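Novice: Here is how the chains run, residue by residue.
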Amino acid sequence: MAELQGLGAELSDAEQAGVQIIAVSPDPNEQSQKMAEGLRLGYRFVADRDLAVTRRWGLVHAGGGPTGQHVPRPATVVIDRDGVVRWYSISTNYQVRPDPGDVLRAVRAL
Amino acid sequence: MTSGRLAVLSVTVAAATLVVYVGLFRVAAVRNHPEGYVIGFAAATALAGLALARARRGPAWLALGLSSLLLAGGAWVNFVVARVPATPTVLRVGERPPDFTLPDASGRPVSLADYRGAKPVVLVFYRGSW
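Line order of the protein sequences matches chains A and B. With the working numbering as the guide, the letters of the first sequence map in order to residues 1 to 110. With the working numbering as the guide, the letters of the second sequence map in order to residues 1 to 130.
To be clear, the hints were calculated from the coordinates, so they are not data collected in a lab. Since this is a predicted model, take the numbers as computed values, not measurements. A portion of the hints provided could be inaccurate.
Unchecked claim - Per the computed footprint, the stretches of chain B lying under chain A, defined by three or more beta-carbons under 8 Å from a beta-carbon of chain A, are:
1) 61-74
2) 89-97
Said to hold, decoys possible - A short list of chain B residues far from chain A (calculated; beta carbon distances all over 12 Å):
3) T12
4) V19
5) A55
6) N78
7) A86
8) V124
Don't be surprised by glycine CBs; every beta carbon is placed ideally from N, CA and C.
Build out the structure end to end from the sequences listed, making use of the hints.
Specialist: So, in structure tokens, the structure goes:
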């Protein structure tokens, strides 16, 4: 559940700014969703089990998982009301995630 | 400084590096600079080397063993394991990304298009709960 706390730290301010947060991962995420609801966060966790969407967006890290499975490149994308990308960040080192301040600035600039 | 004190300083620097990085992982400024722990372990290794140059004694060897192990492990994690190769992405600022429909945790379909004209979206791709 560390991932959820990480998302929370990154995005709870952004959520308050009136955006929908959608978290995409290959996992089914029932537990993440329950915990988000417990924390009263309006996140929606969606499952891209076979990484088809992740692949179409060009965000697959081939063989990057702990047992060599394909995993998503960590990425954060800010999309405006018209469905247009306004800002994005894709990690080149999986320890590094966008600064919450940068995400928030991108959201506020919409 | 004596060899013994340098050895103690080396171990202290190595331990402090570990504690700060792990303890403050949630702080973006710490998490987003993983090279910081590599630098910390390198400093500890240098101090141990200095201790050993002063006197070839047990504590200095111990400090060198510990710090160089952490340096090698840390460098391997940061520069090899955690590296994510660049991929050609379809994302362009100012363009619409491809729409998708994916099931949420309760099986309900969620589309990006659902939010068009309604709400901005922050989309986060992450690796799952492992």
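Novice: Mind verifying the non-interface call on N78 (chain B)? Its CB should be farther than 12 Å from each CB in chain A.
Specialist: Check fails; 7 Å does not lie beyond 12 Å.
Novice: Check the non-interface label on V124 (chain B): least C-beta distance to chain A beyond 12 Å or not.
Specialist: The claim breaks: V124 (chain B) does not keep its Cβ more than 12 Å from every Cβ of chain A (closest is about 5 Å).
Novice: Is A86 (chain B) truly not at the interface, in the sense that its beta carbon sits beyond 12 Å from all beta carbons of chain A?
Specialist: violated (7 Å)
Novice: Was A55 (chain B) rightly flagged as not at the interface, with every chain A Cβ beyond 12 Å?
Specialist: The claim holds: A55 (chain B) sits with its nearest Cβ about 38 Å from chain A, beyond 12 Å.
Novice: Closer than 8 Å, Cβ to Cβ, for at least three residues: run that test on the region 61-74 of chain B against chain A and report holds or violated.
Specialist: violated (count 0)
Novice: So is T12 (chain B) really clear of chain A, every C-beta pair being over 12 Å apart?
Specialist: The claim holds: T12 (chain B) sits with its nearest Cβ about 24 Å from chain A, beyond 12 Å.
Novice: Beyond 12 Å from every chain A Cβ: check whether that's true for V19 (chain B).
Specialist: holds (17 Å)
Novice: Check whether three or more residues of the region 89-97 of chain B sit with their beta carbon closer than 8 Å to a beta carbon of chain A.
Specialist: As far as the region 89-97 of chain B goes, the hint holds, because 9 residues have Cβ atoms under 8 Å from chain A.
In summary, the structure is inconsistent with hints 1, 6, 7, 8 from the numbered list given earlier, while agreeing with the others.
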